[in-house]
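With these hints in hand, go ahead and build the complete structure from the sequences.
For the record, the sequence lines run as chains A and B. So the first sequence is numbered by my numbering: it starts at 1 and just counts up by one. So the second sequence is numbered by my numbering: it starts at 1001 and just counts up by one.
None of these hints come from the bench; they were simulated from the model. Quick caveat, the model's predicted, so the values are computed rather than measured. Keep in mind that a hint or two might mislead.
Label pairs and their in silico Cβ distance ranges [claimed, not checked]: (1) A:Ala2 to B:Asn1026: 28 to 38 Å; (2) A:Pro140 to B:Ile1044: 41 to 51 Å; (3) B:Lys1232 to A:Trp141: 27 to 37 Å; (4) B:Asp1233 to A:Glu27: 13 to 23 Å.
From the three backbone atoms N, C-alpha and C, an ideal C-beta is built for every residue, glycine too.
There are 2 protein chains.
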Amino acid sequence: MASLYLIGIGPGSMDNLTGLAVKKLNESSVIIGYKYYINLIRPILKNKEIIESEITNEVDRAERAVLEVLNGKTVSLVSSGDSGIYGMAGLALEIISKKNIDIDVHVIPGISALNSAAALLGSPIMNDFCSISLSTNLTPWNIIEKRIMNAAEADFVIIFYNPKSMRRQNGIVNAMEIIKRYRNESTPVGIVKNAYRDGQEVILTDIKSMDYNTIDMFSTVIIGNSQTYLYKDFMITPRGYSKKYEY
Amino acid sequence: MASLYLIGIGPGSMDNLTGLAVKKLNESSVIIGYKYYINLIRPILKNKEIIESEITNEVDRAERAVLEVLNGKTVSLVSSGDSGIYGMAGLALEIISKKNIDIDVHVIPGISALNSAAALLGSPIMNDFCSISLSTNLTPWNIIEKRIMNAAEADFVIIFYNPKSMRRQNGIVNAMEIIKRYRNESTPVGIVKNAYRDGQEVILTDIKSMDYNTIDMFSTVIIGNSQTYLYKDFMITPRGYSKKYEY
Chain A
1 MASLYLIGIG PGSMDNLTGL AVKKLNESSV IIGYKYYINL IRPILKNKEI IESEITNEVD
61 RAERAVLEVL NGKTVSLVSS GDSGIYGMAG LALEIISKKN IDIDVHVIPG ISALNSAAAL
121 LGSPIMNDFC SISLSTNLTP WNIIEKRIMN AAEADFVIIF YNPKSMRRQN GIVNAMEIIK
181 RYRNESTPVG IVKNAYRDGQ EVILTDIKSM DYNTIDMFST VIIGNSQTYL YKDFMITPRG
241 YSKKYEY
Chain B
1001 MASLYLIGIG PGSMDNLTGL AVKKLNESSV IIGYKYYINL IRPILKNKEI IESEITNEVD
1061 RAERAVLEVL NGKTVSLVSS GDSGIYGMAG LALEIISKKN IDIDVHVIPG ISALNSAAAL
1121 LGSPIMNDFC SISLSTNLTP WNIIEKRIMN AAEADFVIIF YNPKSMRRQN GIVNAMEIIK
1181 RYRNESTPVG IVKNAYRDGQ EVILTDIKSM DYNTIDMFST VIIGNSQTYL YKDFMITPRG
1241 YSKKYEY
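Below you can see the structure in the form of structure tokens.
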């Protein structure tokens, strides 16, 4: 039976793919994705029909993937990171459910920006955290703003996806203005650009000193909670062991 | 130079390890971990010194790992899931920073329970979400409670790690009592047990009908937001494409 695999390829380096993702790519005859991400995994896509498209054509890509499966082909629709975290899995399943299409479909998990940015920073998300996308493309700002307030108030570590784009320059600035009402200016901030790919940059700073110009559309921003601290090249959010154990 | 690798091995199936994790395990001469997780990856641990311990000895394991590196050995300290998400990375870095130890240390990202449970459920965390551990071992209940309230109020999808343990049976019951104040009883709930390993179970239910007896210490529980719905075997949180595009 033909299947649809909704695959997260991780940050983009070949060695942050899982074995399961590689296996499902191998089993597919058609690979569909945004061309920038297809390029990152092209070395392992031998003898495949590759359908590449531009960044904004998500709906076309998802519909094309479903159509190819209905035509009897096994298809991998790829996202960077984890397909189920701001990736293509949700859109594909939305379309399948809305049109009540009966195909075999599986989501294959991947290393999302939260996993990869956190690893490069040390251990910033070792305690409870929230993930918030600052893109207003699909979510209105008033909802995003409410989530930032609640997350800051409850002392969650906060991960910002899509902190900036060509058209949206002020999302991260406005978000930080909200956070400043709840958190000390010395709270650590980690900025990771192009995690595990060419141009990787890891910046450790704090709320007061962070430079918004260093943030772009390939950045993930992690704001520490009240316990987070910096040590050498690491951003560390303790989980609480030191209150309970001697070391 | 000897190095310490803080490695997330993913949910436990060999094919949800990343290539980078396998590479760093191969480079290590000593592997340290809780014996249940060591067992999951034993087939690839050839010619290694393996130091296994019981579940509660986290501090001992982290200190031993640091000591072995100081003795000149390259060590992998393994966690299930992602070492940086309620895993061993934070504790190891806490100890290193507190004792001001100067060793080469790297966190290697892995597929956490949030990635794997979400993939098995469909696309429940496609929009903003919070991760909350219900373990009161290291965090007092009043802080956890505050986080649940804020997360529920701001309509985050909520992922509960450690929903129950041998000693803590009521955490998830109390957590759901809080959530019921903010969310409709028909809100979808996904429960995933033993993701990608023997005994895997995927349960789709809702706040009203969920059976607390199905939840154990190997479970991850995901509570939908106000937009989440069930379709066939999938739990879907739309990201908002249907408001903007025709399909």
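Hints and how they fare:
no., hint, verdict
1, A:Ala2 to B:Asn1026: 28 to 38 Å, "36 Å, holds"
2, A:Pro140 to B:Ile1044: 41 to 51 Å, "48 Å, holds"
3, B:Lys1232 to A:Trp141: 27 to 37 Å, "34 Å, holds"
4, B:Asp1233 to A:Glu27: 13 to 23 Å, "20 Å, holds"
Comparing the model with each numbered hint stated earlier shows that all of them hold.
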